[in-house]
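Its first residue numbered 1, the sequence shown is counted upward by one per residue in the numbering used here.
You may find that some hints are simply not true.
[What the hints assert, rightly or not] The calculated lysine-lysine pairs, modelled on DSS-like cross-linking and capped at a C-alpha distance of 25 Å, are:
| no. | residue 1 | residue 2 |
| --- | --- | --- |
| 1 | 14 | 105 |
| 2 | 68 | 86 |
| 3 | 28 | 14 |
| 4 | 28 | 45 |
| 5 | 58 | 86 |
| 6 | 58 | 105 |
| 7 | 68 | 14 |
| 8 | 123 | 45 |
| 9 | 14 | 45 |
| 10 | 28 | 68 |
| 11 | 68 | 58 |
| 12 | 58 | 14 |
| 13 | 45 | 58 |
| 14 | 14 | 86 |
| 15 | 45 | 105 |
| 16 | 86 | 123 |
| 17 | 68 | 105 |
| 18 | 68 | 51 |
| 19 | 86 | 51 |
Calculated from the structure, these hints are not laboratory results. Treat the numbers as computed from the prediction; the structure is a model and nothing was measured.
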Amino acid sequence: MGKLNVVMLRYLSKEHFRVLTAVEMGMKNHEIVPASLIASIASLKHGGCNKILRELGKHRLLAYERTKTVQGYRLTNAGYDYLALKTLSSPQVISSVGNQMGVGKEPDIYIVANEDEQQFAMKLHRLWKKLSFSQSWK
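Produce the complete structure using the sequences and hints provided.
Pasting the structure below:
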């Protein structure tokens, strides 16, 4: 995972985040969340939800997966990052994201600032970085 791309964060509406949250909630019980379940959790009409799902897939916040038995969506790492940044920006904890400071074994570290222009370090932990190569194939 390279740089965190936050360009689209300001252009996403409440409905986009409702769909992202619905996919996250659906992933508690499903590996792949069907579009009908996403629409019901997000309380959106099916047609409007499909449009938003396509947009989020285009920006790689969601991934469309299809198996023999089920087809649906799952949240990508970028989607989880956008949900975390939205949560932090809602109570005005952070207002801007700067450059990447470093990459560790588990976290990626970025410079962030609040509205008073105070700078902080933000760590985004990557749980998948803990896996070794042999564990990732199991």
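(request) Would you list, in rising numerical order, the hints stated earlier that this structure does not obey? (result) The structure conflicts with hints 1, 2, 6, 7, 8, 15, 17, although it agrees with all the remaining ones.
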